[in-house]
Amino acid sequence: MNAAVTPAATGTDKVSGHRIGAITWLVVFAFLLVAPFVGVYPVFMMKALCFAIFACAFNLLLGYTGLLSFGHASFMGSAAYATGWLVRSAHLSPELGVLAGVLLAGALGLVVGLLAIRRQGIYFAMITLAMAQMIYFICLQVPFTGGEDGLQGVPRGRLFGLLPLDNDLVMYYVVLAVFAAVFLAIVRIVHSPYGQILKAIRENEPRAISLGYDVDRYKLLAFVLSTALAGLAGSMKTMVLGFATLSDVHWSLSGEVILMTLLGGMGTFAGPVVGAVTIIGLQNFLADRVGSWVTVIIGVIFVFCVIAFRRGIVGELLAWQQRRGNR
Amino acid sequence: MTEIFGIPVQAFLGQLLLGLVNGSFYAMLSLGLAVIFGLLGIVNFAHGALYMIGAYVAWISLNQFGLNYWVALLLSPLVVGALGVVIERLLLRHLYKLDPLYGLLLTFGLALIFEGLFRDQFGVSGQQYPVPELLRGATNLGFMTLPNYRAWVVVASLTICLGTWFVIEKTSLGATLRAGTENPALVQAFGINVPVMVTLTYAGGAALAAIAGVLAAPVIQVTPLMGSNLIIVVFAVVVIGGMGSILGSILTGVMLGLIEGLTKVLYPEASSIVVFVIMAIVLVIRPAGLFGKEM
Chain A
1 MNAAVTPAAT GTDKVSGHRI GAITWLVVFA FLLVAPFVGV YPVFMMKALC FAIFACAFNL
61 LLGYTGLLSF GHASFMGSAA YATGWLVRSA HLSPELGVLA GVLLAGALGL VVGLLAIRRQ
121 GIYFAMITLA MAQMIYFICL QVPFTGGEDG LQGVPRGRLF GLLPLDNDLV MYYVVLAVFA
181 AVFLAIVRIV HSPYGQILKA IRENEPRAIS LGYDVDRYKL LAFVLSTALA GLAGSMKTMV
241 LGFATLSDVH WSLSGEVILM TLLGGMGTFA GPVVGAVTII GLQNFLADRV GSWVTVIIGV
301 IFVFCVIAFR RGIVGELLAW QQRRGNR
Chain B
1 MTEIFGIPVQ AFLGQLLLGL VNGSFYAMLS LGLAVIFGLL GIVNFAHGAL YMIGAYVAWI
61 SLNQFGLNYW VALLLSPLVV GALGVVIERL LLRHLYKLDP LYGLLLTFGL ALIFEGLFRD
121 QFGVSGQQYP VPELLRGATN LGFMTLPNYR AWVVVASLTI CLGTWFVIEK TSLGATLRAG
181 TENPALVQAF GINVPVMVTL TYAGGAALAA IAGVLAAPVI QVTPLMGSNL IIVVFAVVVI
241 GGMGSILGSI LTGVMLGLIE GLTKVLYPEA SSIVVFVIMA IVLVIRPAGL FGKEM
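Those protein sequence lines, which keep their order, are chains A and B.
First residue of the first sequence: 1, per my numbering; consecutive thereafter.
First residue of the second sequence: 1, per my numbering; consecutive thereafter.
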């Protein structure tokens, strides 16, 4: 998506920009560390962090490669189901269950990616949506997902046989550690030479091809990385909440992750995190207040973001900071 | 010979006819999508929602105002077409210079809004719409009994599809429209009001979706979710057919409906995914789609 801003503090304000950025990150990190002790409901925070992982994984694809996947929920959801079933019915340890979920999501991502990269732009989005719908119907019909009831009662168990995850506090710090690892990994990927090629593909695919890059291979790798990380988000969510349901594979969740990224600011590191926390918080807040109006409100935010707020919250903040720096 | 593939002929042909009915809806919706995409460069995710609203206009006008099916068949496209004018004028207009993905996202948001509003108003359970009196009952063809209404749906929607094809490919209005797709600036220079043409095209596509909604109302349950369930299949149909050719999208729609009907008979478990499997196969063999040109 070319219209996305790639915010970079330039010239004289680079130093101060970096400093403001670093201070912001320290404050956020400190808050996340003490959050359970200052009265934030830990299960809510864990859920929000899982969706933040999901949105960051999605942003790697949309924000940095310019590929719009309209089926990311299917990867998150199948990993959620796989982990849930393996841990509950096959009595796998949590770490192996999560690993299996990630591998499954990555493998599905490989298959769907191979098909979807055969077409560009708008068709890419439609193909991923259609393949995701197929995965949804499969989840609806196979016996081990529990169909309409979902897969319930997944025990958290002990991580590496040591850490008792039943304790919300322990679970919280595990989720936080996973989130931090994913976040740093994505920063690393984007700043690596590979990440630069992804950005080149986003900005001008024909030129990247003419420079001799095997664009399809780079796109496919980005897709697999993104889907595997989306799977990690799904697996962690199952471990946190103890269930996986059809709404985890439904297209409306694929839409929500797009909205999280768009609202927060696509192509920025912090954007998807801000977007995920905002949307999950909003849904939490609205759920028992307005009933089915939640969908309407989500839709209105979507329309508003596309018409007037394409940079997203973080993108706007960065642009504002840059304007101020240039003055 | 009373059985095909171990299934009574009657049931077999019945499913095939149902497939044909679904196929006509696919054809009408993918046709509208193709026309809108051609001129506006926008993949209209709200198409399913417009189809759903079309069906509800029929249901409401019958239950609130006592207006019969035939009136609804005229009224519904007008109402939904007017809604299309509003959507295009207020929202889509701002997106033409941007990446087409934004159009998909905006119309997705619109689809959520419409679906949420109707769910709030009517709940998720389905509403029955009675088959109009004129088309009740069935005709005995000797080898099967043909429900009159289903026959009407197939004939009516194929007529409308072919009519649209005729207007676009064979009339001077259609020629202008096609020219606008190729080069809007030049067409504008010839003194044709392109922005109005664009608005009317979107309204026309919306009206087609509404007609499909009215035709569908007596066959299926009218629910707020009927549109989003259908639109994803229609997207797969569009990927299979390619949006380049109008006749191609009609043909693909009908064909896939038939294949889906056939799957319901032979292997019911796979009937909900068969279209997607076909899409995957087509992507491997012929990435541009059956009738498409690579864009």
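Keep in mind the hints are simulated off the structure, nothing from the lab.
Quick reminder that beta carbons are idealized off the backbone N, C-alpha and C, glycines included.
Errors might be hidden in some of the hints.
Restraint-style ranges between C-beta atoms, simulated for each label pair [what the hints assert, rightly or not]: (1) V142/A / P8/B: 55 to 65 Å; (2) Q10/B / E148/A: 48 to 58 Å; (3) R93/B / V142/A: 40 to 50 Å; (4) V38/A / F122/B: 19 to 29 Å; (5) Y96/B / D214/A: 44 to 54 Å; (6) V196/B / A308/A: 16 to 26 Å; (7) F122/B / Q120/A: 34 to 44 Å; (8) D288/A / F122/B: 46 to 56 Å.
Okay, the calculated bits of chain B under chain A, using three or more residues with CB under 8 Å as the criterion [unchecked claim]: (9) 75-84; (10) 140-150; (11) 210-220; (12) 231-245.
So, going through the hints one by one against the coordinates:
| no. | hint | result |
| --- | --- | --- |
| 1 | V142/A / P8/B: 55 to 65 Å | 30 Å, violated |
| 2 | Q10/B / E148/A: 48 to 58 Å | 32 Å, violated |
| 3 | R93/B / V142/A: 40 to 50 Å | 45 Å, holds |
| 4 | V38/A / F122/B: 19 to 29 Å | 44 Å, violated |
| 5 | Y96/B / D214/A: 44 to 54 Å | 33 Å, violated |
| 6 | V196/B / A308/A: 16 to 26 Å | 25 Å, holds |
| 7 | F122/B / Q120/A: 34 to 44 Å | 39 Å, holds |
| 8 | D288/A / F122/B: 46 to 56 Å | 21 Å, violated |
| 9 | 75-84 | violated (count 0) |
| 10 | 140-150 | violated (count 0) |
| 11 | 210-220 | violated (count 0) |
| 12 | 231-245 | holds (count 6) |
In terms of the numbered hints stated before, the structure departs from hints 1, 2, 4, 5, 8, 9, 10, 11, listed from lowest to highest.
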